[in-house]
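Q: What follows is the residue order along each chain.
Protein chains: 2
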Amino acid sequence: MSLTKYTAALEEALLTVTYGSTPPELYEPIHYIMSLGGKRMRPLLTVLSAELFTDDWQKAVFPALGVEVFHNFTLMHDDIMDRAPLRRGHHTVHEKWNDNVAILSGDVMLVSAYELLSEVEDGKLKRVLKRFNRAAAEVCEGQQFDMNFEKRQDVTKEEYLEMIRLKTAVLLGFALELGGILGGADEHTCALLKKTGDAIGLGFQLKDDLLDVYGDPDKFGKLVGGDILANKKTFLLLDALEKADGTIRQELQYWITAKEFNAIEKVQAVTALYDLLGVRSTSEQVMNAYFDEGLGYLSQLPVAEEKKQLLRFYFSDLIARER
Amino acid sequence: MSLTKYTAALEEALLTVTYGSTPPELYEPIHYIMSLGGKRMRPLLTVLSAELFTDDWQKAVFPALGVEVFHNFTLMHDDIMDRAPLRRGHHTVHEKWNDNVAILSGDVMLVSAYELLSEVEDGKLKRVLKRFNRAAAEVCEGQQFDMNFEKRQDVTKEEYLEMIRLKTAVLLGFALELGGILGGADEHTCALLKKTGDAIGLGFQLKDDLLDVYGDPDKFGKLVGGDILANKKTFLLLDALEKADGTIRQELQYWITAKEFNAIEKVQAVTALYDLLGVRSTSEQVMNAYFDEGLGYLSQLPVAEEKKQLLRFYFSDLIARER
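Sequences listed follow chains A and B, in order.
For what it's worth, the working numbering labels the leading residue of the first sequence as 1, then goes sequentially.
For what it's worth, the working numbering labels the leading residue of the second sequence as 1, then goes sequentially.
Okay, chain A solo, but in the shape it has when bound (with noise of 0.2 Å):
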């Protein structure tokens, strides 16, 4: 089964978009952090989404340009202010121009993302944006609960899993659910798409956060261990902190509060502090509930079980995953 049609489709219709020209600093970081790639994840699912309603899924291929060019806006943005120095292995824009370029750049890319995603039929205008605008301010609530919780000790697994939802499991949600509405499907078959994205969304970020810490160094694209070393508030560690008592308590206290410390040493000592308390597993068992969930919900959809084998194996795919 093969997925190269649609993402070569992809990346195809995203060379002939144009953002604008002039001034260069104000476009050339757009054309920049779209050309650092990534999995075009969320264009994907639109597509494949729409896929399942029509056989016409390239009339969905631009506005899910537009949400893929909205998932790189709140990229850009948020690296500024996480001073995150790379993306992809690449300077991230604030880096390689600056912090201005990078705000009003994002700016006008959001501008962009409105753009693709109202190249719709006019009947179908309204209801896609009233859905995007909800999900993109859900992003935003997101991304705001991820700072604060930075300065918090006392955040819930709970409370992780809702900023989670927020940050990340709505856009996806919402990409499956513009391929519905693209694609023809009635009210009650878009929500269960927009169910079956959240509930993959949360699934794929408990499995970054594990790749992070379990990842196979030669095959994850990002320094294994980099979430532990920033005492990131993962479900990981969250759940570490929930479970702990004791000297195991005092370890891990003593790795979080370290201020200097040798990075591999500590990787090492709490993803053994991570083993002693059973994380891993609870944390594979909450985010395979979540992908069982999603894949629930896929089958609810009415739809013929063949239409929708490209995106089963998509997510089996997003679940399998090794980076």
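Hints were generated in silico from the structure; no laboratory data involved.
Some clues are possibly wrong.
Away from chain B, derived, C-beta distances all over 12 Å, residues of chain A [stated by the list, open to error]: (1) Ala-13; (2) Thr-22; (3) Met-34; (4) Asp-56; (5) Pro-85; (6) Ala-113; (7) Arg-127; (8) Lys-195; (9) Asp-218; (10) Asp-239; (11) Gln-250; (12) Thr-282; (13) Glu-293; (14) Pro-302; (15) Asp-317.
As a list, the in silico DSS-like pairs of lysine-lysine whose alpha-carbon atoms are at most 30 Å apart [unchecked claim]: (16) Lys-59(A) with Lys-124(A); (17) Lys-5(A) with Lys-222(A); (18) Lys-96(B) with Lys-96(A); (19) Lys-124(A) with Lys-130(B); (20) Lys-130(A) with Lys-126(B); (21) Lys-59(A) with Lys-126(B); (22) Lys-195(B) with Lys-96(A); (23) Lys-307(A) with Lys-124(A); (24) Lys-219(A) with Lys-96(A); (25) Lys-5(B) with Lys-124(B); (26) Lys-130(B) with Lys-126(A); (27) Lys-59(B) with Lys-130(A); (28) Lys-126(A) with Lys-195(B); (29) Lys-5(B) with Lys-307(B); (30) Lys-124(B) with Lys-130(A).
All values reported here derive from a predicted model rather than from experimental measurement.
No residue lacks a Cβ here, since even glycine has one placed at the ideal position from N, Cα and C.
For chain A, the structure is supplied; the task is to place chain B on it using the hints.
A: Below, chain B alone, put in the same frame as chain A:
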């Protein structure tokens, strides 16, 4: 002739707009900046423009507020980029909170602007968005040019006029055009409205620059001479640099390059040079030409003259304003 009915309706509707509530760091800054007031010029232009073509100008109120929310979003982000401490006499959002809050609140404000702008009849939505997207991107382009000009020593008056056209005028043009679209005006009439706003907007910004130097300190809301102190490359300074030679040029260059100076002395000295060079009258001529151009387009609108009185009255208010 009274505009009170319209401004009251706009302010009343503004109080009913819900942007969201959680997390508070994301939404409080939006309420804050929107509560700082301002002329509400853009939404007023939209409803007055709609009223040229329909008695039901109320239907333009929420889309008009979308333009106002967009305008305030640009202020929030511009203030970060310009490191401005104050806005309308109050702390800017990045000063009261921090840069990250101002970036992210601004982002979600842009989403809110689209939400409000989308409150139009289905059949008009695509046209509204298409025109707005163009204006929004141009406003960003204008801000980027403005920042670029700070680092350049060879900016021309023509480049300056193009910059303020993008940064300020096109949104006034869109505000009028939006009213036309919502009021049911035809393409040609909407294009005339756009040209009216663009021209009035250019005059408006030149007036702003003049007030910054020649305004009555008791009436002008900001510090008179702020542009001179910042060596802001306004039409006045660029015209002065173009006209000055010999010792006058030397004196002007002295003040522009001086690292240490008495603020009052600098403002007085540069203003005196402006007077000597006839910079004020040149600027007023160009400004008046734009206002006349705008009023000329207004005359061409296929609408009964009595209908136009309110817009004419409002424009003359803008032209005569002392703050």
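Q: Does each hint hold? Answer for all of them.
A: Hints, one by one, checked against the model:
The beta carbon of Ala-13(A) sits about 19 Å from the closest Cβ of chain B, which is more than 12 Å, so the claim that it is off the interface holds. At the 12 Å boundary, the C-beta of Thr-22(A) falls inside the reach of chain B, the nearest C-beta of that chain being 7 Å off. With 12 Å as the threshold on Cβ separation, the claim that Met-34(A) sits away from chain B holds: the shortest Cβ distance comes to roughly 16 Å. Against chain B, the non-interface label of Asp-56(A) holds: every CB pair exceeds 12 Å, the least being about 19 Å.
Taking the minimum C-beta to C-beta distance to chain B, about 17 Å, the non-interface status of Pro-85(A) holds against the 12 Å cut. The beta carbon of Ala-113(A) sits about 10 Å from the closest Cβ of chain B, which is not more than 12 Å, so the claim that it is off the interface is violated. Residue placement check: Arg-127(A) does not keep its beta carbon more than 12 Å from all beta carbons of chain B (closest about 10 Å). With a least beta-carbon separation of about 22 Å from chain B, Lys-195(A) lies farther than 12 Å from that chain, consistent with its non-interface assignment.
For Asp-218(A), the non-interface assignment is confirmed: its Cβ lies about 35 Å from the closest Cβ of chain B, beyond the 12 Å cut-off. Residue-level check passed: Asp-239(A) sits 23 Å from the nearest beta carbon of chain B, beyond 12 Å. Taking the minimum C-beta to C-beta distance to chain B, about 32 Å, the non-interface status of Gln-250(A) holds against the 12 Å cut. Annotated as non-interface, Thr-282(A) keeps its C-beta farther than 12 Å from every C-beta of chain B; the closest such distance is 27 Å.
No Cβ of chain B approaches the Cβ of Glu-293(A) within 12 Å, the least distance being about 24 Å, so the stated non-interface status holds. Every C-beta of chain B lies more than 12 Å from that of Pro-302(A), the closest at about 27 Å, which supports listing it as non-interface. Listed as a non-interface residue, Asp-317(A) keeps its Cβ farther than 12 Å from every Cβ of chain B; the least gap is roughly 31 Å. Between the alpha carbons of Lys-59(A) and Lys-124(A) the distance comes to roughly 12 Å, so the proposed pair stays at or under 30 Å and holds.
Of the pairs offered as hints, the one joining Lys-5(A) and Lys-222(A) holds, with about 28 Å between alpha carbons and a cut-off of 30 Å not exceeded. A threshold of 30 Å between alpha carbons decides the hint, and for Lys-96(B) with Lys-96(A) the separation of about 28 Å falls inside it, so the pair holds. Of the pairs offered as hints, the one joining Lys-124(A) and Lys-130(B) holds, with about 15 Å between alpha carbons and a cut-off of 30 Å not exceeded. Between Lys-130(A) and Lys-126(B), the direct Cα distance comes to roughly 14 Å. Compliance with the 30 Å bound is thereby established for this hinted pair.
A C-alpha spacing of about 17 Å is found between Lys-59(A) and Lys-126(B), which places the hinted pair at or below 30 Å, so the restraint holds. In summary, the hint linking Lys-195(B) to Lys-96(A) is not supported, as the alpha carbons are separated by about 38 Å, beyond the 30 Å threshold. The suggested pairing of Lys-307(A) with Lys-124(A) holds, with an alpha-carbon distance near 23 Å, which does not exceed 30 Å. Annotation: proposed proximity of Lys-219(A) to Lys-96(A) holds, straight-line Cα distance about 27 Å (limit 30 Å).
Using a Cα cut-off of 30 Å, the hinted pair Lys-5(B) and Lys-124(B) holds, with the two alpha carbons roughly 26 Å apart. With a CA separation close to 14 Å, the supplied pair Lys-130(B) and Lys-126(A) stays within the 30 Å bound. The suggested pairing of Lys-59(B) with Lys-130(A) holds, with an alpha-carbon distance near 19 Å, which does not exceed 30 Å. Among the hinted pairs, Lys-126(A) with Lys-195(B) is consistent with the structure: their alpha-carbon atoms are about 28 Å apart, no more than 30 Å.
Proposed proximity of Lys-5(B) and Lys-307(B) is supported: the alpha carbons are some 16 Å apart, at most 30 Å. Proximity of Lys-124(B) to Lys-130(A) is assessed by CA-CA distance (about 15 Å); at most 30 Å being required, the pair is judged to hold.
In summary, the structure is inconsistent with hints 2, 6, 7 and 22 from the numbered list given earlier, while agreeing with the others.
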